[in-house]
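> Protein chains in written order, with the numbering used here: chain V, 1 to 485; chain D, 1 to 485; chain R, 1 to 485; chain Y, 1 to 485.
Simulated from the structure, these hints should not be mistaken for laboratory data. A virtual CB, placed ideally from N, CA and C, is assigned to each residue, including glycine. Treat the hints loosely; a few may be bogus.
[As the list claims (entries may be wrong)] If the Cβ cut is set under 7 Å, some of the chain V residues that face chain D in the computed set are:
(1) G24
(2) Q53
(3) L166
(4) V231
(5) R240
(6) I408
Here's the letter readout for the chains.
There are 4 protein chains.
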Amino acid sequence: MAIRTKEQYYESVRRQAPELYSFGERLGDIGAHPCFKPPLDAIGLVYELSSQQDYENLLTAQSPFTGGKVSRFVHILSDREDLARRFRASRYLVHKHGACIGARCVSTGALNSTYAATFDMDRKLGTNYHARFVSFLKQVQENDLAVAGAMMDVKGDRSKSPGGQLEPDSYLRIVERRNDGIVVRGAKASISGAVIANEIVVLPCTALKPEEKDYAVCFAVRSDAPGIIHVAEAPGPNARRFVGEEMDYGNARYGAHGSTHVIFDNVFIPWDRVFMCGESEFAGALVNYFALLQRLFSTACKIGHRDLLMGAAAVIADYNGVGLTRQIREKLTELYFQSELSTGCALASIYQAQKSPSGVFLPDSLYINIAKLQGVSAIWDGNYITSDIAGGLVCTSPTAKDFKNEKIGKLLDKYLRGRADIPTEYRIRMMRLIEYLTGQSSVIPVESTHGAGSPQAQRMAIQQALMGVLDQYKKDARIMAGIEA
Amino acid sequence: MAIRTKEQYYESVRRQAPELYSFGERLGDIGAHPCFKPPLDAIGLVYELSSQQDYENLLTAQSPFTGGKVSRFVHILSDREDLARRFRASRYLVHKHGACIGARCVSTGALNSTYAATFDMDRKLGTNYHARFVSFLKQVQENDLAVAGAMMDVKGDRSKSPGGQLEPDSYLRIVERRNDGIVVRGAKASISGAVIANEIVVLPCTALKPEEKDYAVCFAVRSDAPGIIHVAEAPGPNARRFVGEEMDYGNARYGAHGSTHVIFDNVFIPWDRVFMCGESEFAGALVNYFALLQRLFSTACKIGHRDLLMGAAAVIADYNGVGLTRQIREKLTELYFQSELSTGCALASIYQAQKSPSGVFLPDSLYINIAKLQGVSAIWDGNYITSDIAGGLVCTSPTAKDFKNEKIGKLLDKYLRGRADIPTEYRIRMMRLIEYLTGQSSVIPVESTHGAGSPQAQRMAIQQALMGVLDQYKKDARIMAGIEA
Amino acid sequence: MAIRTKEQYYESVRRQAPELYSFGERLGDIGAHPCFKPPLDAIGLVYELSSQQDYENLLTAQSPFTGGKVSRFVHILSDREDLARRFRASRYLVHKHGACIGARCVSTGALNSTYAATFDMDRKLGTNYHARFVSFLKQVQENDLAVAGAMMDVKGDRSKSPGGQLEPDSYLRIVERRNDGIVVRGAKASISGAVIANEIVVLPCTALKPEEKDYAVCFAVRSDAPGIIHVAEAPGPNARRFVGEEMDYGNARYGAHGSTHVIFDNVFIPWDRVFMCGESEFAGALVNYFALLQRLFSTACKIGHRDLLMGAAAVIADYNGVGLTRQIREKLTELYFQSELSTGCALASIYQAQKSPSGVFLPDSLYINIAKLQGVSAIWDGNYITSDIAGGLVCTSPTAKDFKNEKIGKLLDKYLRGRADIPTEYRIRMMRLIEYLTGQSSVIPVESTHGAGSPQAQRMAIQQALMGVLDQYKKDARIMAGIEA
Amino acid sequence: MAIRTKEQYYESVRRQAPELYSFGERLGDIGAHPCFKPPLDAIGLVYELSSQQDYENLLTAQSPFTGGKVSRFVHILSDREDLARRFRASRYLVHKHGACIGARCVSTGALNSTYAATFDMDRKLGTNYHARFVSFLKQVQENDLAVAGAMMDVKGDRSKSPGGQLEPDSYLRIVERRNDGIVVRGAKASISGAVIANEIVVLPCTALKPEEKDYAVCFAVRSDAPGIIHVAEAPGPNARRFVGEEMDYGNARYGAHGSTHVIFDNVFIPWDRVFMCGESEFAGALVNYFALLQRLFSTACKIGHRDLLMGAAAVIADYNGVGLTRQIREKLTELYFQSELSTGCALASIYQAQKSPSGVFLPDSLYINIAKLQGVSAIWDGNYITSDIAGGLVCTSPTAKDFKNEKIGKLLDKYLRGRADIPTEYRIRMMRLIEYLTGQSSVIPVESTHGAGSPQAQRMAIQQALMGVLDQYKKDARIMAGIEA
């Protein structure tokens, strides 16, 4: 059962009873909800493909912990090839779902970073976190669990550190230490896949000062544990799922993000699931491990989105009757150039990946930060270019119901047709997909900007890298100018 | 009554009975519909302000046709100052409504371009269109009518000209010439304000070949004339109006675009409302007059949107606790620089405006095209910058109903707060406005790209301007290189 | 004699005996020097054209001070049309000389800013500077003098203010106040045309603190006054003038900049030529007046350079055999777009010019700063685009002497030919012009970046303008979000 | 002797007697010429370092052909690590010479591409070129020869193919086939290091049509073979070497490019040095092999230049007194980001390198083209940023002789000082280096644009790569939109 079937995953979620609110009401059957069924099905798709032989190399790996085949998403990355395959998995799965598979995708970063940081802690402090974590990891691998990762605190006043907030719960913290475990309180914001995962690994979201020990906490928790409250995101496009029909959604099967704000209202965590408890000096390293890994997978994900974007732009050009004219080719080439600049640097970050003390391989910091930052620009530029190519119907297409209306349906079919040999419905469906991909009806652009760290975080990382080499560059320049020998 | 009150406008719309479809059903009371009330109220706002003394100079003008005060939106632009005031009116009204006032805004371009082109036609051909149009114009001015402009044909296969389409109705055309008028058939796409205007002025949308005479047609028609069928746009964000509450909408009062696809299903137009009928050699000039004017007003509109965007970005930075730190200031400065590059060129187009034979002043073609093209980049860049500043809650904020829930309301209030002294509701409202402004919940980005002509149209216009001066530049260069004397 | 002939100007320079050093030696006949003859001839060209009827409107104006015709370069700008003509004069003269006419161009900024600031001082302080300055101005206008403007101090340690420098002469200052005048010491850096002008107007280069009175000094001085030492710039391309021939220079007639560092080694200035002496609170205003005006004229100058650049790029495309293919057209269109964004904003700064208390019209600060900043980017982008179009011969062309060599001349003629019908010499000459224009053989790019203020100065000015409107934008946004009424 | 000493290299060049012209005269002692000594010394530096143990891994390799140690520049690249080391060698050597080492650098591309293409030809055609080439290669490796590569024909009218030119010699061609060899005629333009190399490998520069057999020619020739005439490039900055002193040159030791136009005036090539003779169908493949490899090494070279540029910019900021202020840091970070985008993609091209049939490894085409194109933008942007940081003295610094003048030397020392503790001479030297690096006194920018293929060539290669994947992207998009199953 180390590779579950789609049905087994669905069944596991059905058995969970998370406290989830949306539009002010507690939801019962998540799997039937118009805004949670799509991400559930996207995760289901990953399970389904993982069971297929064609995807074995891409989506599964051999685990040294279980001795058998496990999902690549919960695999410990022990060489560059592991990073490369995991990177490809993210990119190419987007071609299939076009949305978010956070409940699997973030598993990799959360598990690997905790694996690496607990190793470091034990070695330095003589603690026993690593063995405890490995035990949890085995359980995840053996049962092929969907694991979300919860890092981003709600943060309160951003000019203040965790310990300096008026509201001390602005960052998740330990409020009680008991014999059998700890009690935590706080909230993690916009957590992809949290409510459709089986487990959530919770990590701190920033380096901490020595006196901020209560914020240095890392643990695993079931997504429906007592005291955990999920509140659903409600982006504009989600609303359409209540009033439209399949044709109106752009990416009907998978195209809803499904993140929740996860509130920890005095949640008890037993010791065997606690992987950091007060070691504030290790919070920074854990955050950094996680960031390096998830920036790599997030970069892959956005490349996949832009691949779809280029495809959609080229199709709509066909439907509009302008095919691959030189003007269209040049616009697509610009988009491709922008997009592949990001890909190239991501590959460089894999090529130059370094082994951490635990054995986990981590992408090179400079190149993955460059890749991620460039990827954000490429998404926005790509949205502009694609909207430019597609035309105003991206926003003004009528609804499926209009097309079914006896009187106006035929008129719309006649008047909204582009090339004569393409059914009008195809053209409208492609416009809807572009509406979805360019964020007019989805969260992609903003999520591209902020997922796995804001652009400023990348800028800072790049700047730091520069500071590390600049003295040498300055010396070289002085020598060349004849000032130093 | 040359300046109507808001109530008089509402009353006039109430008396109209346009055939309007949305979600497959014919709508009755437009003024009560969640997606049409906002643009109706935006137009109402313009009427309201026009009656106020503070706005007299900005929003009204002295008409040589009626001899009295008329709305600036239906005024014939007879000097540069007229252009400048009309430009400011568009920009500053956006600060109030943040949406679209097409039913008034496009009046200026439609009326002035028809005024100018009918003058040219009569002078050259000895026809009587100009007097006929002036008579219609007086009626508009005296009754302060809201006039939409319908130019954009549905176009079918874009690689083919109007006369070359398999479906001849892909461009609106004359299908019958009768003693008392003409019958037209076709459809105009994505017409802002068409269904909430009193009148629609319909113009061709491209230069025509001599043999395409049936497509050379310009006329005025009531928005509820028999045979006219409106089909509502249905962008993603509109859907929220059916499931959300006021706080969820970002720009609740005015923030829905309300364009319709206007189908002309054999519509009869009496001769006194026909202003071009077969003079295909004048279609190009009419299109050009309209494009020059509407690109100026559209540019002003988008500057206004970016003004709002900068305001919203600065407010959310405050609410997040980072106020005007140096990093925020520099990002906003970049946005401002990009935005005002467009403004400066638009002002240059007014400064260098030229008088047409009819006396209508037209913005300089080079600078208004540059301004419009730069404005599109600035919108997309601005959306990126603003999303970057605001953070992920732009997409993941919960709903008003969640905040009202007894159990989670207080928790959300606690956890989604930024700076301690700012109510959480304010922060969420500002996130929703940014969601709206950046197009995650509105049509702004795409409409910015395509309204008043696609970027390619501006590129072509700029290129043509270059071709007009390049020979001289080449000659100068040859002289300087000592090749010519 | 209010409009001198070229010969009269040459004669006036010949009679001067400035102390000028170049390559470590004192130069005698400036007019015969390979690096000073070109800028002298560029100024001569301006005198020549000013005497021609075709250029009367562009290059001369009616002076209220002399009651007659004067050079536009020494004219007091008393309305927007004055600014517009002066702007066009700068742009279009570059098409003729392709270099720098600082000894005339800067006259306008120096004279107008001193005129305006002395007016302000007298009004506020009851001093008598303005009448003194007007008397000098009349002399300039009546004798049609070439006046350089010297603002940029050498500045020493840029982290320190004038009064805070270890070396107090790092900014020019008053070292002695006498009955008959003052003695000044210091140096002004990279002053265009200083040594070929008749007079130099010297101004402070930054706002000053109250205690920095000795640095608050403005005066006029002959360019060969005792104690003034000029040291010539020595950019790479100048060197070619000693080893090459006319064909090698790109812009042989006018293409050397000819700036000097002007050292004031205890220079005596009689009172009737002193226009500010200790009024440190007015230094900022004087600097600002000067900056606004010279940024306008500098912007015009760079537009002229880019016009030449586009011309040269188009010619070399012809010579290379690729003429105006679509690819070339699109590259040139991009360059034109970038360039005219700057022009449009400069025109807007004229359109929105404001009258100072003295009556001098000043360009709008926001738009002229935007225009200048955009112009710098456009120069560098333009250099890239043009180099891209031209090809590697921009750098690797052989010399005129090689073409004259009996053995290899014919071979070069055969092998370096592009299109068969264009003489090889023409192609090489155009490559040399491009080498010159793109800065591979001239100072243009850097001078574009720094002349009339560094980019950072423009960024700051734009940021300040934003700060002035941002509160209102924020308020508008709060109202729209329903937070304020 | 498989690794020669610097002296041995110098001695070998001294023994050659190429026919070289500059400024119309035939040069005798190349090694003493101010414009050829610098590149000769740069090559000498490579020989010198290659003999040092510290550089052994970087600059030498184990040859399977000689069985011993050979220079990395003449090594056949048989795995990805070979590419990676060769890449690093190019980048880091630039830090030492800051100029061009074409006579060694291009060896790699020329030798490897000919090795690979001769292998392909023999396999397909049964010819014997490969063995012949390997024999030449061994000689090169055993004698550690400096080998230039000559690809770029003079091309004549660029709208015409080799066979379509009016002047048939516009592309180098076989004019006679003899028993003992062939006679070739034509010219190769702007060949780096040709005259200071021992051997030149000559390749075709474009794919050829079947009927263009005479242009399908590849061979090795001594740089002083009878009939070979070199004409020196004469960029602006070279001229300074005749009138200035060491301090004026920026990069005095190595900073002259030294390319020559190489005319083949009926040159006889014996059969054992002919590696392609009429096989026009293989010209394209040979060109492509060469382009892929030299784009990689050229990209590395430009990264090295930008490294120096960042160093110089940071030093001059120090000297100016503004050190690493936030503003300077952000500008340098932007330059670093732009530069490392190119590096990352170059590394990706190595990571994804493919083995050719011959065993030579070739960089991935997509990523090396992206890297090269991005690198050109980064050079120009970097020049702008650096000039912005440095200030106008980049162009207006006086000469070494001025500083030595008894009267003005002290004044210049006083007035051109920046920070008080930095000698003025250091500041001027750094300005000169920046002048050199930014191309105001060197060929770097244009050479960056055109060396190893113009930007358009990279755009085309990227576009072709896109065309190869676009159908699949389109299919994915159609499936997602529900159009295909």
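> Check each numbered hint from earlier against the structure, then list the numbers of those it violates in ascending order.
Hint 2 contradicted; others consistent.
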